[in-house]
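Please arrange chain Z with the ligand on chain U, whose structure you already have, making use of the hints.
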Amino acid sequence: MAQKAQSEELSKDARQPMSKNILITGVSQGLGLAIARAVLAEGCTVSGVSRRLSGHYAALQEKHGSRARFHAFDLSRTDDIKTELFDKFLPLETPLHGLVNNAAVAYDDLVSNLDGARLRALFEVNVFAPMVITKQAIRSMLLHRVAGSLVHISSVSVHTGYKGLAMYASTKGALEAFSKNTAREWGERGIRSNCVVAGFMETAMSGTLTPAQKEKIYQRTALKRATAPGSVAAAVCYLLGEGAASVTGQNLVVDSGTI
Amino acid sequence: MSSSLLAVVNEVRTNKGQPSVEALASSLRWREDLGFESLDLAELTVRIEEKFGVDVFADGIVTTVGEVVRKIEKAGRT
Ligand SMILES: NC(=O)c1ccc[n+]([C@@H]2O[C@H](COP(=O)([O-])OP(=O)(O)OC[C@H]3O[C@@H](n4cnc5c(N)ncnc54)[C@H](OP(=O)(O)O)[C@@H]3O)[C@@H](O)[C@H]2O)c1
Numbered sequence: 001m002a003q004k005a006q007s008e009e010l011s012k013d014a015r016q017p018m019s020k021n022i023l024i025t026g027v028s029q030g031l032g033l034a035i036a037r038a039v040l041a042e043g044c045t046v047s048g049v050s051r052r053l054s055g056h057y058a059a060l061q062e063k064h065g066s067r068a069r070f071h072a073f074d075l076s077r078t079d080d081i082k083t084e085l086f087d088k089f090l091p092l093e094t095p096l097h098g099l100v101n102n103a104a105v106a107y108d109d110l111v112s113n114l115d116g117a118r119l120r121a122l123f124e125v126n127v128f129a130p131m132v133i134t135k136q137a138i139r140s141m142l143l144h145r146v147a148g149s150l151v152h153i154s155s156v157s158v159h160t161g162y163k164g165l166a167m168y169a170s171t172k173g174a175l176e177a178f179s180k181n182t183a184r185e186w187g188e189r190g191i192r193s194n195c196v197v198a199g200f201m202e203t204a205m206s207g208t209l210t211p212a213q214k215e216k217i218y219q220r221t222a223l224k225r226a227t228a229p230g231s232v233a234a235a236v237c238y239l240l241g242e243g244a245a246s247v248t249g250q251n252l253v254v255d256s257g258t259i
Numbered sequence: 001m002s003s004s005l006l007a008v009v010n011e012v013r014t015n016k017g018q019p020s021v022e023a024l025a026s027s028l029r030w031r032e033d034l035g036f037e038s039l040d041l042a043e044l045t046v047r048i049e050e051k052f053g054v055d056v057f058a059d060g061i062v063t064t065v066g067e068v069v070r071k072i073e074k075a076g077r078t
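Going down the list, the sequences are from chains U and Z.
Residues in the first sequence are numbered from 1 upward in steps of one, following my numbering.
Residues in the second sequence are numbered from 1 upward in steps of one, following my numbering.
Chain U on its own, in the form it takes in the complex:
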């Protein structure tokens, strides 16, 4: 009973915009780090997850103290997400107001070389983990009666098509369909679900591309340049916030204007 009263107090307090608790996956580097930085700057608490604690995220912890939480977890262990990620880091009594499914891995190869084991590993991290995390996030939102926001990071490759990205793009297409249907299912409880469809960014994930390949990709955009992680992060913040209260089931494209 005492625990219940305490969690109610916590949820009341956490419902204030200043102390919203946002789970972000893949915070060690790249886009996830940029999103964590932007969400912290808005005054929210970030519950960050990746396999390792990077120096960059540790610097955020130094700056923001207890608002920058971290839990090391390998998202390919999808069967352990409830016991090892949620029960230990975000137990049911801790209210959750937003989720950003950002962590993902790349798989660049021709379809004719498709390898079954690699494909399964790809779907484990890029599709199954975000789905299971969404399940747990919705359960938390139901318990605390939080009208939360779910944001999934997709990729322009779903809509444009690039040589070598068929397997990777299909994981993001799955995520977009999952988001749309989640929005429909949970809308009456005020829970929103949207995707941010990112264009090519200069992160580790695209690091294997040659300058010539990158240039070719940028020439296929209106702005003729890479997508800025900060711009994608700002779109995520918008979808997490009250300004997007009437936005659900959408794909917000942030990609330098792919043409």
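Take these hints with a grain of salt, some might be off.
[Said to hold, decoys possible] Sample of chain Z residues with no beta-carbon within 10 Å of chain U, all distances over it, derived:
id : residue
1  : L6
2  : G17
3  : S26
4  : L28
5  : R29
6  : D59
7  : A75
[Claimed, not checked] Below, in silico cross-link-like pairs of lysine to aspartate or glutamate (EDC-like), each with a Cα-Cα straight-line distance of 16 Å or less:
id : chain 1 : residue 1 : chain 2 : residue 2
8  : U       : K163      : U       : D109
9  : Z       : K51       : U       : E93
10 : U       : K82       : Z       : D55
11 : U       : K224      : U       : E202
12 : Z       : K51       : U       : D87
In case anyone wonders, no lab produced these hints; they're calculated from the structure.
Idealized CB from N, CA, C, for every residue including glycine.
Coordinates of chain Z with the ligand only, in the frame set by chain U:
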């Protein structure tokens, strides 16, 4: 146990603007007799999990109050 299950049931009913029930007979059906729809049952599942530490809908469809009570008792959290 049945009084705390009753409290959980009434919490969900109150949240959806329905009057509280005074007692829970084992034979009551969640949907037909208590008016719970699928999302209400999802909320009920989470509230039961928080209170009794058991996911009562995890392994199949549950129709009556008695079935939930048995699952909670089986998990030893009475
Ligand atoms: N880069 C692009 O051009 C581009 C374009 C469109 C969309 N996107 C999408 O944007 C998102 C972020 O990508 P990025 O470019 O920032 O990639 P990145 O630099 O490779 O970062 C990926 C992040 O995910 C984490 N991660 C990977 N595997 C994990 C696992 N098994 N368990 C836990 N964490 C894991 C990594 O942390 P650890 O290694 O520490 O675990 C890292 O923090 C992804 O969803 C990606 O698909 C990227």
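Given pair status - E93/U, K51/Z, alpha carbons within 16 Å
Holds, at roughly 10 Å.
Taking the shortest Cβ-to-Cβ distance between G17/Z and chain U, state whether it exceeds 10 Å.
Per Cβ check, G17/Z is outside 10 Å of chain U; nearest 13 Å; holds.
At 10 Å, judged by beta carbons, does R29/Z keep clear of chain U as stated?
Holds, because the least Cβ-Cβ distance between R29/Z and chain U comes to about 22 Å, which exceeds 10 Å.
Does L28/Z really sit off the interface, with its C-beta more than 10 Å from all C-beta atoms of chain U?
22 Å, holds
Beyond 10 Å from every chain U Cβ: check whether that's true for S26/Z.
Per Cβ check, S26/Z is outside 10 Å of chain U; nearest 25 Å; holds.
Please verify whether K163/U and D109/U have alpha carbons no more than 16 Å apart.
With a Cα-Cα distance of about 8 Å, the restraint between K163/U and D109/U holds, given a limit of 16 Å.
Taken at face value, is the distance from the CA of D87/U to the CA of K51/Z at most 16 Å?
14 Å, holds
Take a quick look at L6/Z and tell me if its Cβ sits farther than 10 Å from every Cβ on chain U, holds or violated.
15 Å, holds
Please work out if K82/U and D55/Z have their alpha carbons no farther apart than 16 Å.
It holds: about 12 Å lies between the C-alpha atoms, which stays within 16 Å.
Minimum Cβ distance from A75/Z to chain U greater than 10 Å, as the annotation requires:
Holds: least Cβ distance 16 Å, greater than 10 Å.
Interface-negative label, D59/Z against chain U, beta-carbon threshold 10 Å:
15 Å, holds
Sort out whether E202/U lies within 16 Å of K224/U, counting only the CA atoms.
14 Å, holds
The structure fails none of the hints (numbered hints given earlier).
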